[in-house]
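Undergrad: Read off the chains here:
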Amino acid sequence: MVSAGTRVLKQRYRLRRLLGRVISYLLVWLMAFFFLFPILWMIFTAFKPTTDVSRFPLQLLPHDVKMVEVEGQLYPLYVVREPGKPPRTMARIKVAQGQATFVDPANPADVLETRNRYGEPVLTVKFEWHNFVDAMYRGSRPGLHVNFWTYLKNSSVIAILAIIGTLVSSTPAAYGFSRIQWPGREKLFLVLLATMMLPFQVTMIPLYLFFTEFLHWGDSNLPIVVPTFFGSAFDIFLLRQFFRGIPEEMLDAARVDGASEFRIFYNIVLPLSKPVLATITIFTFLWAWNDFLGPLLYLNNPEHFTLALGLQDYQGQRNVAWNQLMAASVVFTLPIVILFFFAQRTFIEGIKLTGTKG
Amino acid sequence: MSTSVASKTRGSGRRGSSRRWAGSAYTRRNLLTGLLFISPWLVGFLLFTLYPMISSLYTSFTEYHIRAESDWVGLLNYRQMLADPRFWKALYNTTYMVVVAVPLTLLGSFLCAVLLNLKLRGQSVYRVIYFIPSIVPVVAGSILWVWIYNTNNGLLNTALGWFGIKGPSWLTDPAWAKPALILMGLWAMGTTIVIYLSGLQDVPVSLLEAAELDGASWLQRLWHVTIPMVSPITLFNLILGVIGMFQYFTQAFIFASAQSSTAVSGGRTLGAPLDSTLFYSVYLYHKAFINLKFGYASAMAWVLFIIILICTVLLLRFSERWTYYGEEG
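Those sequence lines, one after another, are chains R and L.
As numbered in my numbering, residues 1 to 358 make up the first sequence, in order.
As numbered in my numbering, residues 1 to 329 make up the second sequence, in order.
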């Protein structure tokens, strides 16, 4: 009983839907390519043998020249294209002043002397794991006994101390701003919110002078770590939002039983706040791991460099070995990516929390 | 129980404020407990925020000497700033980024979030892919892009070459250095995408269905329902983006230090090529820690603060016209 007209309309509707889906998929894939490809490029560059890094034309996968055994020794394999002759696949056993000696690997007596440029290397996919070892043991300044392991250790120490500092200082402060009634609380909280607007540049110079000239903490991680033990406005704000959601009856019941505020905070509020504490921990780790300006200001001796600073220092040198630099970058990025895959929900929820409640 | 009664009677009489505080043991105890709990932040605020603010304001009116008493010079630093072409260049570069990069990032993030919110197969995988670049540490990401932008054997120019396009010298051509930074910024906009995506998921389905029943096309629904519904998020991201862009530093520092292999610590490459990446915070850093002009740099910091305040107030003021906060207003 369906008329021809509605059938045409239905078909047209289906066609439009199909077209819409095709375009949607194409766009999603295009953007996925844009986001993913640089990361793949970083990973694959990290695995490239040094001769492969700038090989033309560029290839995504790491390659190396295929080696072949000729009379017990390994030689690189080439395709030799002499003009006017069919190409031959041969091992190159000698090269000097543009002239090369090629032999047939199957028949070593078959020797061909010709120009080196007629030979084109036969490539095979090869992942150079050793780049990572080289990168980690190299460090940014050859000659000093400092390498990327040192930077990794320094970054980890700063991150761990920053997490401890933020947790022990910001959680009680957030409790004081949310669950205890005292005169002036809201006004002081407004001050705290206002400090989030303050650009770091305004306090940067006096802080630098205070830490280096007055306290003589220059060239140590103290100026980076110590302030985290004095609360962070952003984290206090996040924690306060969470603490406010805990039912008052739970705390009052404890108060009637004579529990002190500290006990209530420590035994009731904190165990209930695990999700937000996880968020704070991750954000603090990200901040500490990423921070560049802080280490740039305070750390002068490569022995104290963090990964961020060490990587920049390494990149700033002559004749950058891009494969090793990318290997070091992969090592630098990996902990965050692992953390992300283990705590994906905490990451995303944390960002949503800041984005929608801010 | 008696304490809560005491606290209720606190405001009844017409007493002086000091008496009022002292009047209730409960309030006083709470004040002490409260202050004790917030004391880490309070000490930090006084020591690491308030004191440095006052100090840098004072320093901005002085000529700073490290080993000697500073000279009071009044408004000299501020007047020098107005006459300094590099200051204006830095302000121009930063304004360029605020005006071009911030809206572009918002638009790009919104469109990506719209894509990720479509009913397609494998969305959870795409969401991870779109987000991952934003957790790559800024220094590692910037170095990666320096490698991608390499003029002769970089990935980008090679890819452009396949389409017969001769790519520019991204890092050494002053005309292309800022677009190169912006493109890299778009790559790492995952956080903003996540915020937009959660906003899109909060748009009531009933509204979209009602619009669809009324015959609104997909684009009309996007324009008349979705975009107004996420406008508070747009405002939030806009303000954060502007504040962040005025402090743009690390990426520019890495790009500039890739220009020449020497003298990074000497700061001679900052802003390279030809001051095209000399952003406000980069120049401020240069003045403070390379030239050791702490007075001038402090003056710059305060001007930055005032610019950010004005921008935020203006954005909030003008946002009332295009931001929708639901029925209750």
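What the hints contain is simulated information worked out from the structure, not anything from laboratory work.
Just to be clear, a hint being listed does not mean it is correct.
Far from chain R by the CB rule (all over 12 Å, computed), these chain L residues [claimed, not checked]: (1) T33; (2) G161; (3) T172; (4) G199; (5) W322.
Label pairs and their calculated CB-CB ranges [what the hints assert, rightly or not]: (6) L:L47 - R:F341: 33 to 43 Å; (7) L:L47 - R:I164: 43 to 53 Å; (8) L:D71 - R:P247: 53 to 63 Å; (9) L:W162 - R:F341: 31 to 41 Å; (10) R:R244 - L:Y96: 47 to 57 Å; (11) R:S24 - L:D202: 13 to 23 Å.
Backbone N, C-alpha and C fix where the C-beta goes; we use that ideal spot for every residue, glycine too.
Undergrad: Each hint needs a verdict: does it hold in this structure or not?
TA: Each hint tested on the structure:
Listed as outside the interface, L:T33 is inconsistent with that label: its C-beta sits roughly 5 Å from the nearest C-beta of chain R, within the 12 Å cut-off. Distance to chain R contradicts L:G161 as a non-interface residue, since its nearest Cβ pair spans about 9 Å, not more than 12 Å. For L:T172, the condition that its CB be more than 12 Å from all CB atoms of chain R holds, with the nearest at approximately 15 Å. A cut-off of 12 Å between C-beta atoms contradicts the statement that L:G199 is not in contact with chain R; the least separation is 7 Å.
Its beta-carbon lying about 18 Å from the closest one in chain R, L:W322 satisfies the requirement of being farther than 12 Å from that chain. The hint said 33 to 43 Å for the Cβ distance between L:L47 and R:F341, and at roughly 39 Å that hint holds. Take L:L47 and R:I164: their Cβ atoms lie about 19 Å apart, and the range 43 to 53 Å is violated. Hint check: L:D71 to R:P247, Cβ distance near 60 Å, so the stated range 53 to 63 Å holds.
With their beta carbons about 33 Å apart, L:W162 and R:F341 fall inside the hinted range of 31 to 41 Å. Between R:R244 and L:Y96 the CB atoms are about 41 Å apart, so this pair departs from the stated range of 47 to 57 Å. Remark: the range hint 13 to 23 Å for R:S24 to L:D202 is upheld by a beta-carbon distance near 21 Å.
Checked against the numbered hints above, the structure violates hints 1, 2, 4, 7, 10; every other hint is satisfied.
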